[in-house]
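Novice: The primary structure of each chain is shown beneath.
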Amino acid sequence: MAKQQTEVRDLQEGSYVMIEDVPCVINSYSTAKPGKHGSAKARVEGKGVFDSKKRNFTQPVDAKVWVPIIDRKQGQVVSANNGEMQVMDLETYETFTMRVPDGVDAANEDEIEFLQYEDQRKIV
Amino acid sequence: MFPGAVADREDARYVLLGAPLDISTTFQPGTRFGPDRVRRFARTFDDFDHHTRSHFTDLAVHDGGDLRAWDDAREYLDFLEGMVGDARSDGAVPLLLGGEHTVTVAGVRACDPDVFVCLDAHLDLREEYDGNPLSHATVTRHALDVAEEAVVLGARTGSEAEWDRASEADVTVVPPGEVGEWTPDFGDRSVYLSVDVDGADPAFAPGTGTMEPFGLFPREMHRVVRAVASHCVGFDVVEVNDRDDGQAATLAGKLLRAFVFAHAAGGDDSGR
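Residue numbers (my numbering), protein chains in the order written: chain V, 10 to 133; chain S, -16 to 255.
Calculated directly from the structure, the hints in this document are not laboratory data. Take these hints with a grain of salt, some might be off.
Stated by the list, open to error - Examples of chain S residues toward chain V, derived with CB under 10 angstroms:
| no. | residue |
| --- | --- |
| 1 | Leu50 |
| 2 | Ala52 |
| 3 | Leu63 |
| 4 | Glu143 |
| 5 | Trp146 |
| 6 | Ala149 |
| 7 | Glu151 |
Claimed, not checked - Derived coverage of chain V by chain S (criterion: at least 3 residues anywhere in the stretch with Cβ under 8 angstroms from a Cβ of chain S; other residues may be distant):
| no. | region |
| --- | --- |
| 8 | 60 to 67 |
| 9 | 115 to 122 |
What you are looking at is a predicted structure, and each value in this text was computed from that prediction instead of being measured. We put the CB at the ideal spot given by N, CA and C, even for glycine.
Extracted from the complex, chain V is given alone in its bound form (with noise of 0.2 angstroms):
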């Protein structure tokens, strides 16, 4: 299961929730208290993980929300060349292909640390 599901009281700034379908971290969550009628709100403000847009939403504190189950994983290079990759997990030993990012140096036998959500993957 790559997801389960939550109340939004229960987020809090630095976890993750998906947002418009969309896996995100939380980086402000406020609420408005609720009066006599109607019911107390937040609103919430993530950072899609692997596309760093900025999504948001305004619900009640007892709406549910799915929270995405991101892994933190160990790899190693096995090869790189023309902007890509091959990675070997090194707990499943399975071996993809991902473009190396902006700013990284990638060698052979280079140990990297990544996030994996069903079949995205940053590198930490």
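Using the hints, position chain S against chain V.
Specialist: Just chain S now, with coordinates in the frame of chain V:
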């Protein structure tokens, strides 16, 4: 709904938010009724503006309703700042309807302007009032934490310490008698415009918390709003209460509409 603010949120070029905060008012309270009252007294205005030859209902204004206020100003301003910031990041110009002047702090923080321009009877340069650093009397001081310069038009009263602070290079005070001749000179810098309705002479806008005589004529405020609008990334009108026959609310609503008309006519500068 503010009359004519008929756009859906996703299509809006202007997002209006009511912010009925009313906790630090020091004399006559009632700003909690301000947003509703401004909406009510705006009902009689014609949709058409002959200065810009445009219709208000064509200008993509959305009324997001009121963000209910509670008694913790810091928490409320945090939430309000986020809501205003959401409008900004969606490419819209936020329009705040106060509420006491303190709500401007959230608007300025969310819009991050280069210059803070304010029509106000008071300097609002106090560091705190009655021990409260988030009092309505501290707004310009907080704005200067964000903006590099503040221009206070129509100011005619303040404490000795406030006038001393106002004499520093980052504050310009334009006394009421000179507002009629004042012209903006901001270049490419972005501006946040705040209209405290008590900038008007109390004869014109008695429905406000702290009336101060020898104030501005509504016509002078109208000219300033229209002259500054095209530079603006955010706008508010504040300090309207329910203690008159609608004069303050009428003026506030008209100035809000004047801002939208002038801003929309001033070219596509809403992203600045």
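Novice: So which of those numbered hints doesn't the model satisfy?
Specialist: 4, 5, 6, 7, 9
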